[in-house]
Amino acid sequence: MLANNFINPMLPVLKSSDTVGDALNWMEEYRIGQLPLIHEQEYQGLISQDVLIDADEDLPLLALQPEFEEVFVNVHQHTFEILKIVQQYNLQAIVVLDEEQNFAGTISVQELLTQFSKSLGSQEIGAVLEIAVENRSYSLSEISRLIESNNVKIISSYYTSGGGLEDSKDILTLKLNQQDISRVIATLERFEYDIVGAYNFEEITSPDKERYNMLMKYLDI
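Going by the UniProt record's numbering, the residue at position 143 of the sequence shown is 143; the numbering climbs one at a time, nothing skipped.
Think of the hints as simulated: they come from the structure by calculation, not from any bench.
We put the beta carbon where it would ideally sit given N, CA and C, even for glycine.
Among the hints, erroneous ones may be present.
Derived CB-CB ranges, DEER-like [as the list claims (entries may be wrong)]:
1) Ile85 to Asn177: 28 to 36 Å
2) Leu113 to Gly197: 50 to 58 Å
3) Asn151 to Asn200: 12 to 20 Å
4) Phe191 to His39: 22 to 30 Å
5) Asn151 to Asn8: 57 to 65 Å
6) Ser161 to Thr114: 22 to 30 Å
7) Tyr199 to Ser139: 20 to 28 Å
8) Gln49 to Ile85: 29 to 37 Å
9) Thr114 to Asn200: 16 to 24 Å
10) Asn151 to Asn74: 40 to 48 Å
Here are the simulated DSS-like pairs of lysine-lysine, each with C-alpha atoms no more than 27 Å apart in a straight line [as the list claims (entries may be wrong)]:
11) Lys118 to Lys169
12) Lys169 to Lys153
13) Lys175 to Lys84
14) Lys118 to Lys84
15) Lys118 to Lys175
16) Lys15 to Lys153
Make a model of the complete structure from these sequences and hints.
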């Protein structure tokens, strides 16, 4: 999804003639810690709640210095690019500009994360599997083939870099469409994949549990 899909048209914008009290009231009403300051469709920067708390409520915003004047996204930027900027600057809101660099709207980071979570299949029933990989030297198609050989499908995937630090691992996170993934884990480990986590995974009951333990013992030989 692109930035324009996440704009919340209900979020207010601030004018330089608004007061500190006005801004604080809107932030409280919309439960957001930052709002954009706009002058004639031109983005001036973000006003943060932390800056306003100790200021005189009657003080006009004109007297304050907005932050993040150069931090924004355009309407066609992808979710991953937006999230990177949000993380880099620790934002609660991010402004979207159109092709002419005019203000197009505001994205609430909380709403963005909610929508992104849904796109990863977090609402779907199924297990989450984490596999340690080295510098992207893996084949998602090969992993998918092994998983699907157990009649399980990948709903979504996400790659997290370990940052190149010593002993850190890059992690491939997979959301699967079933909770019982014991056979998937056994298959991947048989092909020497390093499984570092499995979540929301259905406990296996006897006699399947016993057969699973026997299989794992056999694979360790």
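Now the hints, each set against the structure:
1. Ile85 to Asn177: 28 to 36 Å: 32 Å, holds
2. Leu113 to Gly197: 50 to 58 Å: Violated - the Cβ-Cβ distance for Leu113 and Gly197, about 21 Å, lies outside 50 to 58 Å.
3. Asn151 to Asn200: 12 to 20 Å: Taking Cβ atoms as reference, Asn151 and Asn200 lie about 18 Å apart, which means the hint holds.
4. Phe191 to His39: 22 to 30 Å: 59 Å, violated
5. Asn151 to Asn8: 57 to 65 Å: With Cβ atoms ~41 Å apart, the hint is violated.
6. Ser161 to Thr114: 22 to 30 Å: Because 24 Å falls inside the window, the suggested range holds.
7. Tyr199 to Ser139: 20 to 28 Å: 23 Å, holds
8. Gln49 to Ile85: 29 to 37 Å: Between Gln49 and Ile85, where Cβ atoms are some 20 Å apart, the hint is violated.
9. Thr114 to Asn200: 16 to 24 Å: Holds, since Thr114 and Asn200 (Cβ atoms, about 19 Å apart) stay within the stated range.
10. Asn151 to Asn74: 40 to 48 Å: 43 Å, holds
11. Lys118 to Lys169: Between Lys118 and Lys169 the Cα gap is close to 26 Å, so the pair holds against 27 Å.
12. Lys169 to Lys153: 24 Å, holds
13. Lys175 to Lys84: 21 Å, holds
14. Lys118 to Lys84: Distance ~18 Å between Lys118 and Lys84 Cα, so the pair holds.
15. Lys118 to Lys175: 12 Å, holds
16. Lys15 to Lys153: Judged against 27 Å, a Cα distance of about 50 Å means the pair is violated.
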